[in-house]
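Participant: Turn these sequences into a full structure, and let the hints steer you where they fit.
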Amino acid sequence: MFKAAINAELLKDAIAALAVIVDEVRIKIKPEGISVKAVDPANVAMGIFELGSSAFDEYSADESEIGIDLNKIMDLLGIAEKNDTVRMELEEGNQKLLIDVGGLSYTLSLLDPSTIRAEPRVPQLDLPAKVVLNGADLRRAVKAAEKISDHLLMGVSDDTFYMEAKGDTDQVRLEMGRDQLIDLKAGEACSLFSLDYLADIVKPTNKVNEVSLSLGKDFPILIDFEIANGAGRISYLLAPRIESE
Amino acid sequence: MFKAAINAELLKDAIAALAVIVDEVRIKIKPEGISVKAVDPANVAMGIFELGSSAFDEYSADESEIGIDLNKIMDLLGIAEKNDTVRMELEEGNQKLLIDVGGLSYTLSLLDPSTIRAEPRVPQLDLPAKVVLNGADLRRAVKAAEKISDHLLMGVSDDTFYMEAKGDTDQVRLEMGRDQLIDLKAGEACSLFSLDYLADIVKPTNKVNEVSLSLGKDFPILIDFEIANGAGRISYLLAPRIESE
Amino acid sequence: MFKAAINAELLKDAIAALAVIVDEVRIKIKPEGISVKAVDPANVAMGIFELGSSAFDEYSADESEIGIDLNKIMDLLGIAEKNDTVRMELEEGNQKLLIDVGGLSYTLSLLDPSTIRAEPRVPQLDLPAKVVLNGADLRRAVKAAEKISDHLLMGVSDDTFYMEAKGDTDQVRLEMGRDQLIDLKAGEACSLFSLDYLADIVKPTNKVNEVSLSLGKDFPILIDFEIANGAGRISYLLAPRIESE
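Chains as they are written, first to last, in this note's numbering: chain A, 6 to 250; chain B, 6 to 250; chain C, 6 to 250.
Where hints are given, some of them may not hold.
Identical copies go unnamed one by one, so any copy, or any two together, can satisfy a pair.
Straight-line alpha carbon distances no greater than 20 Å define the calculated SDA-like cross-link-like pairs of lysine to any residue that follow [claimed, not checked]: (1) K212 with E86; (2) K222 with G235; (3) K17 with L115; (4) K148 with D80.
The set of hints was computed from the structure by calculation and includes no laboratory data.
Facilitator: In structure tokens, the structure reads:
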């Protein structure tokens with residue numbers, strides 16, 4: 006059993022953040038909220054998504070698992086107005102999700118979860134450095150780097166967080182000291198990441214006040230922020246690229 | 006003789022509503038206003054368009070008929086500002102239409118009406134059910150249906166008007182009771198229509214308060230609304246599709 | 006030595022006005038400001054660009070010449086907010102330009118000026134007629150003409166400035182009398198210009214109050230207006246087309 010109502014824009018934002026990683030997901034439904042763990046097809050990025058029951062206007066659920074095509078949901082939500090309420094109810098047998106948006110009733114066929122890649126194991130990483138910054142700053146640096154290169158170097162050196170991209174001839178660098186950051190835990194950290202992935206991942210951070218980045222030396226980065234006014238959270242784990250000289 | 010002045014946006018809206026059916030039209034000019042009847046090239050949709058002299062700031066006309074390429078007019082009006090006045094005057098011999106928009110004078114060559122498909126005969130239909138609803142509601146249902154299917158079923162059942170689209174796996178349905186409608190004349194009605202045509206036809210209804218739909222059982226639908234603040238009217242007649250099972 | 010700071014939008018507008026003529030330019034840097042003279046690859050249009058030191062918030066420079074790819078600069082400035090300050094500094098040896106926008110540091114490799122077409126000689130022309138008009142009026146006439154033709158005839162006849170385009174069947178004409186113009190110096194003038202070029206050239210005039218046009222009979226046109234609130238100026242010289250009958 007699953008029956009819930011939620012603000013349309015909030016749901017849109019949450020699903021958009023997840024959709025940058027995969028198209029088809031297994032959603033775990035529990036009495037305390039819904040969650041997803043998914044890996045992108047190339048095994049480079051992982052998304053860990055949690056939306057607690059408090060994000061919903063109404064929420065009641067038993068434990069179950071459903072398979073969903075995120076593009077279909079995004080498409081349907083495209084018709085909703087910002088302040089519409091989206092009502093969802095799982096049909097007996099978990100084969101169909103009934104969605105009501107402003108009087109329009111959708112009957113969405115669900116995917117068999119067993120046909121979707123299983124939940125990945127989240128690796129335990131010891132990431133020595135941690136930086137908390139404004140999401141818009143992060144997004145702007147990534148956009149600037151994209152103009153110049155395919156890769157972005159991110160690191161912490163003493164009390165400074167830096168992002169740097171090098172093109173064939175040009176270079177862009179952003180440095181943020183402790184004063185310009187919301188928080189900084191210094192530690193040895195310097196890793197290179199694919200801008201293809203980063204650009205997608207930071208898209209939803211544009212309206213996020215605090216994004217936390219955990220970094221190591223040639224290690225994956227953990228990008229982590231709250232969604233739904235604190236009622237949910239999304240974390241991305243992105244594998245590093247090895248610099249070819 | 007034809008000489009008229011009209012608000013640019015009002016003219017744009019009126020022509021846009023007509024242009025969803027055909028590109029080239031015969032416009033009938035009379036002392037009391039202008040009118041067009043046209044059928045789309047595939048004979049599926051008919052548009053019946055009337056714009057009375059009261060829609061114009063200035064209007065004086067003898068009876069005549071001109072042939073016009075609607076795309077050209079739309080293109081020229083694209084340059085007009087919302088509140089510009091468009092002045093039109095037919096040249097002696099009805100070969101050219103002089104159009105003035107904010108000091109810019111266009112000389113538009115007209116088409117020989119005899120080269121354009123003749124006015125169709127409007128069939129007399131006995132459509133038992135009639136629904137009056139807000140244009141934005143209609144447009145939203147059609148947009149939602151398009152995400153899922155190529156066809157939309159529209160009907161009246163007891164005191165409820167419904168629109169329903171079925172895709173391979175998913176389904177969308179809008180039901181509106183007597184309370185949610187502006188008016189309802191109940192009657193046996195249930196017909197299937199091509200969303201290709203419907204999507205075009207309902208585009209101009211987005212800012213229309215009252216759209217009236219007349220329906221029958223596997224019969225054409227008559228979609229009808231006022232334009233130009235009541236000084237004009239456009240009706241579309243759309244042939245039904247037969248459901249292939 | 007060159008070190009300067011300037012408002013991001015002002016710089017964007019100035020470079021956009023220049024970029025309609027060429028992609029790669031030699032910029033002459035002098036203590037009193039920067040300047041560019043460039044001809045388009047087909048030798049049809051010339052741009053003469055000057056931006057005085059007063060356009061900058063900070064400015065200090067020795068004489069030098071640098072080669073720049075305008076598209077790269079436009080691309081980077083795309084990330085700047087309207088009110089950001091852009092700081093630029095030339096590296097020792099004039100090989101790289103350091104650009105800082107809101108904490109993001111770009112290192113832009115410059116082009117060897119000797120690989121860029123040399124500054125053209127600006128011809129001395131005796132253009133008898135001169136018209137000063139609002140930039141938005143000019144832009145609107147050019148946009149209207151583009152709908153109909155590839156060429157625009159511009160001329161002065163008695164006390165009237167006119168622009169006229171003829172298509173295969175249609176025609177558009179704008180006439181402006183002395184009263185509708187900011188200034189008019191009457192003189193024999195009537196020349197035909199390519200709308201391909203004109204459309205690009207008048208794009209930046211949309212927010213310009215006074216654009217001056219100097220014209221002759223089958224002669225180039227000089228289009229001239231202030232940029233950066235009067236601290237700079239751009240002039241375009243566009244060669245006439247010969248009307249093929």
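Participant: Does each hint fit the structure? Answer for all of them.
Facilitator: Status of each hint after checking the structure:
{"no.": "1", "hint": "K212 with E86", "verdict": "both (19 Å within a copy, 16 Å between copies)"}
{"no.": "2", "hint": "K222 with G235", "verdict": "neither (30 Å within a copy, 52 Å between copies)"}
{"no.": "3", "hint": "K17 with L115", "verdict": "within (18 Å within a copy, 44 Å between copies)"}
{"no.": "4", "hint": "K148 with D80", "verdict": "between (26 Å within a copy, 11 Å between copies)"}
Violated hints amount to a single one, hint 2; each of the other numbered hints is respected by the structure.
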